[in-house]
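> What follows is the residue order along each chain.
Protein chains: 2
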Amino acid sequence: MTLQERLADIVGAAHVLTAPEDTKPYFTDWRKQYSAAAECVVRPTTTAEVARVVALCAREKVAVVPQGGNTGLVGGSVPTGARREIVLALARMNRIRALDALNDTLTAEAGCVLAAVQSAASAAGRLFPLSLAAEGSCQIGGNLSTNAGGVNVLRYGNAREQVLGLEVVLPDGRVWDGLRGLRKDNTGYDLKQLFVGAEGTLGVITAAVLRLYPKPAASATAWIALGAAREAVELLAELRGRLGERISAFELVSRSCLEAVLSHVPGTRDPLGAPHPWYVLAQFDDTEDLQTRVEQALARREAVIAQSGEQARALWRLRESIPEAQFANVKHDISLPVSKIPEFIAHADRALKAGFAAAEIYCFGHVGDGNLHYNVGPESLLEQRAAVSRVVYDAVARLRGSISAEHGLGQLKRAEVRAHKNPLELELMRALKATLDPQGLMNPGKVL
Amino acid sequence: MTLQERLADIVGAAHVLTAPEDTKPYFTDWRKQYSAAAECVVRPTTTAEVARVVALCAREKVAVVPQGGNTGLVGGSVPTGARREIVLALARMNRIRALDALNDTLTAEAGCVLAAVQSAASAAGRLFPLSLAAEGSCQIGGNLSTNAGGVNVLRYGNAREQVLGLEVVLPDGRVWDGLRGLRKDNTGYDLKQLFVGAEGTLGVITAAVLRLYPKPAASATAWIALGAAREAVELLAELRGRLGERISAFELVSRSCLEAVLSHVPGTRDPLGAPHPWYVLAQFDDTEDLQTRVEQALARREAVIAQSGEQARALWRLRESIPEAQFANVKHDISLPVSKIPEFIAHADRALKAGFAAAEIYCFGHVGDGNLHYNVGPESLLEQRAAVSRVVYDAVARLRGSISAEHGLGQLKRAEVRAHKNPLELELMRALKATLDPQGLMNPGKVL
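Chains as they are written, first to last, in the numbering used here: chain L, 1 to 448; chain W, 1 to 448.
Please note that a few of the clues may not be correct.
Which copy is meant is left open, because identical chains are indistinguishable; a pair holds if it fits in one copy or across any two.
To be verified - Lysine to aspartate or glutamate pairs mimicking DMTMM-like chemistry, simulated, CA-CA at most 25 Å apart:
1. K24 x E310
2. K421 x D172
3. K421 x D177
4. K32 x D100
5. K215 x E231
6. K215 x E320
7. K353 x E259
8. K61 x E234
9. K32 x E234
10. K421 x E161
11. K24 x E324
12. K421 x D100
13. K32 x E379
14. K24 x E425
15. K24 x E135
16. K61 x D9
17. K215 x E324
18. K215 x E425
19. K215 x E161
20. K32 x E324
21. K32 x E21
22. K215 x E288
Simulated from the structure, these hints should not be mistaken for laboratory data.
Everything numeric in this text was worked out from a predicted model, so none of it was measured.
Construct the complete structure from the given sequences, taking the supplied hints into account.
In structure tokens:
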């Protein structure tokens with residue numbers, strides 16, 4: 001029997017895809033930067049099927065590329081073409097297995113779309129706070145495997161912080177059932193932490209117990225003008241002192257980003273009359289009305305505080321339109337200590353303009369998490385991508401930042417990270433990989 | 001040269017203790033259940049000294065027992081006497097290396113007393129939320145190595161959630177500098193998670209970058225009577241809906257615990273007139289006054305809401321006096337899904353009374369985290385400790401709980417955990433231990 005036939009025995013022939021028109025969406029990443037063919041795409045429905053597929057691949061020494069919604073930005077969920085591989089698509093494992101409102105937990109299979117998890121929580125009067133642009137198509141298994149970030153990290157933490165328990169198919173096909181719904185468990189090493197953020201290189205996450213929160217009943221949204229990036233950091237500290245954890249999002253937007261949106265996205269308008277070099281879009285949530293409190297806190301600022309849900313959505317649309325409005329440029333997803341953001345921006349802007357006279361900088365991001373999307377145009381600079389990124393990453397390294405805040409390494413930054421990470425840390429990562437996946441079959445060519 | 005002489009070369013002769021009167025406090029645990037002699041006690045002052053000591057021990061195949069404040073409850077920080085060991089006491093590494101208020105981070109060495117970390121944060125107008133009974137003498141390195149819990153986990157998470165970066169001396173004496181102050185960093189496996197909660201069996205934590213929070217400006221404290229444990233879980237859900245993250249602590253107290261306190265702790269009194277089977281002590285904190293809001297939320301309850309700081313302290317004293325008021329009994333530190341607490345209590349109470357007619361149950365704990373200290377007297381039952389614990393742990397296992405919520409495994413639960421944990425999970429733990437500490441020299445005889 002061929003590999004495909006044996007896989008069909010496990011998941012059914014209809015769920016082993018080999019025709020090019022069927023496999024195409026699985027073999028190319030979202031940004032269409034990585035494309036390679038695997039032997040086939042396998043679409044299991046149960047953990048037992050995943051386990052049998054992975055065990056078969058382990059025996060046959062075929063590599064396994066786990067794939068969720070395939071919305072990643074670093075080529076982590078598509079084949080590399082360097083060896084025999086299958087794509088293991090988790091989309092059919094999309095059941096919410098349990099929701100325990102009194103424990104504030106929800107147990108979801110890997111293939112659940114993030115928006116479906118949010119909806120299930122909301123229907124039970126709870127909040128699942130992970131929220132990001134791809135939420136309508138990304139899957140929770142991928143969110144956890146990449147330790148996704150998004151707009152609510154400031155208040156609720158990354159995807160990692162939302163996980164209480166995991167179910168994982170190990171590289172040899174055995175199933176580790178760590179689906180515990182406990183907030184405290186000190187009975188040994190916290191194994192789930194290994195698989196979260198490992199980008200599928202240590203095993204396949206098949207289900208997770210996720211943490212839920214009280215659902216805020218009231219919101220306020222403000223668009224605040226700033227004279228300098230430094231003011232964003234200071235304003236955040238001031239507002240945290242006044243409003244505590246009510247600040248759910250605190251997004252920095254440069255004038256260049258806003259102008260790109262105003263030029264390219266129909267129906268948008270500048271919320272303020274005169275232009276300002278920087279803006280912050282802040283979202284506040286509470287179990288009770290907080291509009292007056294936010295208005296008082298921002299009374300002396302040049303700011304628009306949304307007076308309706310519609311106005312709030314219009315402000316958010318400005319922020320959410322930035323990625324599509326910028327077109328092609330050299331993109332970076334970096335993080336820094338929050339306090340170092342002003343220094344980073346000043347230094348990187350200067351160094352880029354010195355090295356590339358035409359450089360146009362589009363800087364936005366989750367300033368409360370120290371996470372900037374620092375993109376450099378115009379499009380012509382794509383030809384000098386490596387040199388541009390070198391300047392940016394050197395500025396990041398100087399301030400002990402990270403060259404991948406929330407997007408992961410995948411294929412895109414796999415080589416780059418070697419220049420930035422402490423060799424001892426890379427050695428430890430390789431040792432863990434060799435221990436858990438001695439045959440090197442789990443998502444090879446990614447991360448390490 | 002002897003081992004002691006070579007250690008003295010590294011840290012100075014004054015900091016290698018061998019005289020019994022000097023070493024005694026280091027060789028016995030806090031509850032005086034474990035006592036064994038090591039070769040000596042070594043007290044380094046710098047990470048470089050720790051590294052040299054650990055490297056020397058690795059060459060000589062001498063085991064290393066890292067020790068912080070030695071306040072642990074499971075014998076994790078004292079020698080076992082089973083082989084050549086040294087105690088590595090971190091107390092002299094007690095500098096706060098940095099505090100970055102705009103990044104909301106503090107960098108502390110392992111030997112900093114927890115209360116000193118809290119004070120340093122407070123002096124900068126910030127909160128370091130980890131808080132537990134031993135905070136005046138436990139050290140942050142021990143808190144992180146044991147993933148300490150305490151009273152504020154409900155709102156802020158365990159010790160693990162407070163760590164952004166670590167510095168660790170590995171079992172071969174090399175130093176991993178992972179002292180990053182980043183809230184988002186997806187550049188590979190999250191190595192720090194391995195060392196947090198490993199009880200010193202994978203390396204020695206020498207410093208950490210800790211997360212700070214806005215300092216609450218106002219508090220409210222309530223002592224609430226309940227007819228059944230179930231009501232505590234329901235009340236928590238109700239209050240989370242009304243007050244969101246303002247609930248910092250939510251502590252369950254049985255009537256038996258309160259009576260033990262009232263009988264044995266001078267100057268205490270029952271806050272309510274008539275007796276009730278259960279109580280909750282709840283603490284609420286915010287950046288602004290919330291007394292009225294808490295009074296409204298509890299208006300229909302039999303409850304005392306503190307009207308002064310003095311009254312709040314008196315209520316907390318009742319809760320904090322429970323451990324000392326119970327005397328000798330069979331103690332358990334367990335966790336469950338919050339929703340399963342009523343079922344656990346009903347089932348375990350019944351099973352214990354069926355098996356041990358004289359059983360007296362003292363149940364209290366952090367109900368918001370699903371963490372109960374479920375202790376069984378009278379003292380005479382200590383002779384049947386294993387049989388009593390078997391009943392409790394079977395009830396825990398039935399509901400997928402944990403036999404060690406916040407105290408860890410150490411020596412006390414090292415054998416017990418093998419009966420409870422999935423063999424695959426133990427195998428993975430052993431594989432990680434063998435990878436990071438192939439000679440098995442880091443805190444042997446603990447955890448695994």
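> Going through the numbered hints above, which ones does this structure break? Give me the numbers in ascending order.
1, 4, 8, 9, 14, 17, 18
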